[in-house]
Amino acid sequence: MSLLEVSGLKLRFYSLDGPIEPLDRVGFQLEEGEVLGLVGETGCGKSITAKSIIKLISYSGGEIINGSIIFDHEDLLSKSEKEMQKIRGAKISLISQDPMTSLDPVYRVGDQIIEAIQVHKKLHYKEAKKKAVELMRLMGIPLPKKVFYQYPHELSGGMKQRIIIAIALSCDPALVIADEPTTALDVTIQAQIIDLFNKLKEQFQSAFLLITHDLGVVAQMCNSVAIMYAGNIVEKGSVKKIFHSPNHPYTKSLLECIPKMNQKQKKLMAIPGSVPHPLHFPTGCRFYPRCQYAMKKCLSQHPGLIKVDNDHFVACFKYSNNSNGE
Amino acid sequence: MLIHVSAIINLFILKYNSEGVDRKNIGRKKKKLKLHEEKQYIPRNKNRIMFLKFKKNKMAIVGLIIILLLIFTGVFSEFIAPHSYREQNLPLKNQSPSPNFWFGTDEFGRCIFSRIVYGARISLKVGIISTGISVLIGIIIGSISAYYGGFLDQILIVLMDVMWAFPTILLSLIIVAIIGASLNSVIIAIALSYWVQYARLIRGQILSLKNELYIEVTRSLGANDSTILWKHLLPNAVIPVLVAATLGMGNAIVLEATLSFLGMGAQPPTPSWGSMLSNGRTYLFIAPWSAIFPGVATIITVLGFNLLGDGLRDIMDIKMKE
Numbered sequence: 001m002s003l004l005e006v007s008g009l010k011l012r013f014y015s016l017d018g019p020i021e022p023l024d025r026v027g028f029q030l031e032e033g034e035v036l037g038l039v040g041e042t043g044c045g046k047s048i049t050a051k052s053i054i055k056l057i058s059y060s061g062g063e064i065i066n067g068s069i070i071f072d073h074e075d076l077l078s079k080s081e082k083e084m085q086k087i088r089g090a091k092i093s094l095i096s097q098d099p100m101t102s103l104d105p106v107y108r109v110g111d112q113i114i115e116a117i118q119v120h121k122k123l124h125y126k127e128a129k130k131k132a133v134e135l136m137r138l139m140g141i142p143l144p145k146k147v148f149y150q151y152p153h154e155l156s157g158g159m160k161q162r163i164i165i166a167i168a169l170s171c172d173p174a175l176v177i178a179d180e181p182t183t184a185l186d187v188t189i190q191a192q193i194i195d196l197f198n199k200l201k202e203q204f205q206s207a208f209l210l211i212t213h214d215l216g217v218v219a220q221m222c223n224s225v226a227i228m229y230a231g232n233i234v235e236k237g238s239v240k241k242i243f244h245s246p247n248h249p250y251t252k253s254l255l256e257c258i259p260k261m262n263q264k265q266k267k268l269m270a271i272p273g274s275v276p277h278p279l280h281f282p283t284g285c286r287f288y289p290r291c292q293y294a295m296k297k298c299l300s301q302h303p304g305l306i307k308v309d310n311d312h313f314v315a316c317f318k319y320s321n322n323s324n325g326e
Numbered sequence: 327m328l329i330h331v332s333a334i335i336n337l338f339i340l341k342y343n344s345e346g347v348d349r350k351n352i353g354r355k356k357k358k359l360k361l362h363e364e365k366q367y368i369p370r371n372k373n374r375i376m377f378l379k380f381k382k383n384k385m386a387i388v389g390l391i392i393i394l395l396l397i398f399t400g401v402f403s404e405f406i407a408p409h410s411y412r413e414q415n416l417p418l419k420n421q422s423p424s425p426n427f428w429f430g431t432d433e434f435g436r437c438i439f440s441r442i443v444y445g446a447r448i449s450l451k452v453g454i455i456s457t458g459i460s461v462l463i464g465i466i467i468g469s470i471s472a473y474y475g476g477f478l479d480q481i482l483i484v485l486m487d488v489m490w491a492f493p494t495i496l497l498s499l500i501i502v503a504i505i506g507a508s509l510n511s512v513i514i515a516i517a518l519s520y521w522v523q524y525a526r527l528i529r530g531q532i533l534s535l536k537n538e539l540y541i542e543v544t545r546s547l548g549a550n551d552s553t554i555l556w557k558h559l560l561p562n563a564v565i566p567v568l569v570a571a572t573l574g575m576g577n578a579i580v581l582e583a584t585l586s587f588l589g590m591g592a593q594p595p596t597p598s599w600g601s602m603l604s605n606g607r608t609y610l611f612i613a614p615w616s617a618i619f620p621g622v623a624t625i626i627t628v629l630g631f632n633l634l635g636d637g638l639r640d641i642m643d644i645k646m647k648e
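Order-wise, the sequence lines are chains W and P. With the numbering used here as the guide, the letters of the first sequence map in order to residues 1 to 326. With the numbering used here as the guide, the letters of the second sequence map in order to residues 327 to 648.
Simulated from the structure, these hints should not be mistaken for laboratory data. One should not assume that every hint holds.
[Claimed, not checked] Below, a list of computed lysine-lysine pairs in the PhoX-like style, where the Cα atoms sit at most 20 Å apart: (1) W:Lys82 to P:Lys557; (2) W:Lys318 to W:Lys296; (3) W:Lys145 to W:Lys129; (4) W:Lys318 to W:Lys297; (5) W:Lys121 to W:Lys131; (6) P:Lys557 to W:Lys129; (7) W:Lys121 to P:Lys536; (8) P:Lys557 to W:Lys86; (9) W:Lys307 to W:Lys297; (10) P:Lys557 to W:Lys122; (11) W:Lys252 to W:Lys318; (12) W:Lys55 to P:Lys536.
[Claimed, not checked] To spell it out: a stretch of chain W is covered by chain P in this simulated footprint if at least three of its residues, at any positions, have a beta carbon under 8 Å from a beta carbon of chain P; those stretches are: (13) 54-62; (14) 100-107; (15) 110-122; (16) 181-190.
Nothing here was measured: the structure is a model prediction, and the numbers come from that model. Note that CB positions come from ideal geometry on N, CA and C, so glycine has one too.
Start from the sequences and build out the full structure, keeping to the hints where you can.
Below, the structure written as structure tokens:
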């Protein structure tokens, strides 16, 4: 049994133009201590997948209408809000996208770490403070005792992200969902944060769900990858398999979009067209309008995930046995 | 409650203190180097800029001085007033201002200056307590309405609109008429007439703040509704309310004077400025000072609160950056 099993997840938002279903048939597993990368373009539904896992999606106006989320042998979808509050932060924690606005501006950062500890553990202020300073030191924050007393506006983006990671890890969660933890940071800080993550995943033995659109980050950190496109998972498998033998046309194009240092390239590949709006998702395969291998079947039918290899799945009719390829 | 106070105090006062520490240490380089590990360097920040802006704002400073004087007068009335506020001296009634009676005497021969000094205490008491109560009611109702939304919000909005539709004086007159004329009922009446503006203000603030990322982050850490609302939303939302409360204190004092003028407020011999005005009105042509001085005192006090409130609003408004 895996630590986290998401299957058949379907979300619905109600907009003025009618209901939107940005996620459909999203499913993946995460073993203990594993690092799974969830990769996709902006707007493909990565962040709402993360929010659905800890059931914060209802606060954004969404509703889970189908699927199951099983975490540590427990069905999260049947849990009440009170029970979820005990899980959030303690067993599953979320690192959000933008470190600049993730901290409450009126409290000192140290107190915010302490608050995160005290929500779940009955510790005195002094003990909690000791733990907070220890955590800050672990995050590579210089002079943690000084930074403890500083306000968020006095810290740089990288420092704030370290504080947020410290808050997320303060209760030794079994699963850490990192929602684009490096997007808002510049490249050097990104590298530092990724190094920090690599160090932490050994120390804390938590499983990580890393949401990103940076394939480089995935290659450095993850064990396995799930590629998302327009609310579907189009391909998933181990990092090696996805990077060396990508199967889905979308994954292939994505990898071709990355400039290679050892080859002379005149022009980078670009995927024609753009991601469809959730209101107008194509029926059948959602990549169909942009796919160079599109078949008639793709227009009307959804392929579903097809097993191509041991732990390598792809959602494309190209690989189903009863079709004849291009 | 304590944690809010500490958060706000942290934000406003500690900053200035640490700035002061830094400035003191400029001359002592050796000591500063030694203390480098412990002493924190605090960069020029928003609050520091606010403080500088406040210092530049002359009118706000004037307002602050007026209010500080008023508070001083109110607290030390016994030592400032040359006479008792209730001691009647009928042979000396309606005397014009003289070295003995600075502002003259009223129709019972009481010293108007002393009565005004004691009246400052009444005005302050009414201003602070009634505004405090209405801010409290406003914060509780406004924040609950904004945070939980939905049907509860609808009901509370209707309640606020209904309260808002009443003219303030009429509403407070009704309340005083129901519970009986006294200073305490005036305080309650003013509090119940003014809470709506604070409720609306805080509701608007929290509606915009509750979608901030740090609220979502706090929720993702397992915080419950009350922690999020009282510990994280409120301290972030309360500053405009404090500004409005400063302005509102002036209004409350005027309303108290109005009610006392109409005979619905503090009962004699309590030296309320409004009732002094009301009494002096009868003798306006014989002893104009008995109406003029309480009026002037009211005007200056309200002016002080308004100047300070305007100044605070100017410096708190982030959009008005230079």
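Cross-check of the supplied hints:
1. W:Lys82 to P:Lys557: Within the cut-off at roughly 18 Å; holds.
2. W:Lys318 to W:Lys296: Measuring from Cα to Cα gives roughly 12 Å; hence the hint holds.
3. W:Lys145 to W:Lys129: holds, 10 Å
4. W:Lys318 to W:Lys297: Given pair Lys318 of chain W, Lys297 of chain W holds - Cα atoms ~10 Å apart, limit 20 Å.
5. W:Lys121 to W:Lys131: Distance ~12 Å between Lys121 of chain W and Lys131 of chain W Cα, so the pair holds.
6. P:Lys557 to W:Lys129: holds, 19 Å
7. W:Lys121 to P:Lys536: At roughly 26 Å apart (the allowed maximum being 20 Å), Lys536 of chain P and Lys121 of chain W break the hint.
8. P:Lys557 to W:Lys86: This hinted pair holds, its Cα atoms lying about 19 Å apart.
9. W:Lys307 to W:Lys297: Holds, because 19 Å separates the two Cα atoms, which is no more than 20 Å.
10. P:Lys557 to W:Lys122: holds, 18 Å
11. W:Lys252 to W:Lys318: Holds, at roughly 13 Å.
12. W:Lys55 to P:Lys536: Roughly 17 Å separates the two Cα atoms, so the pair holds.
13. 54-62: holds (count 3)
14. 100-107: holds (count 7)
15. 110-122: n = 4 at 8 Å, threshold three: holds.
16. 181-190: Not satisfied, violated; 0 residues make the cut.
Comparing the model with each earlier hint shows violations of hints 7 and 16; every other hint is respected.
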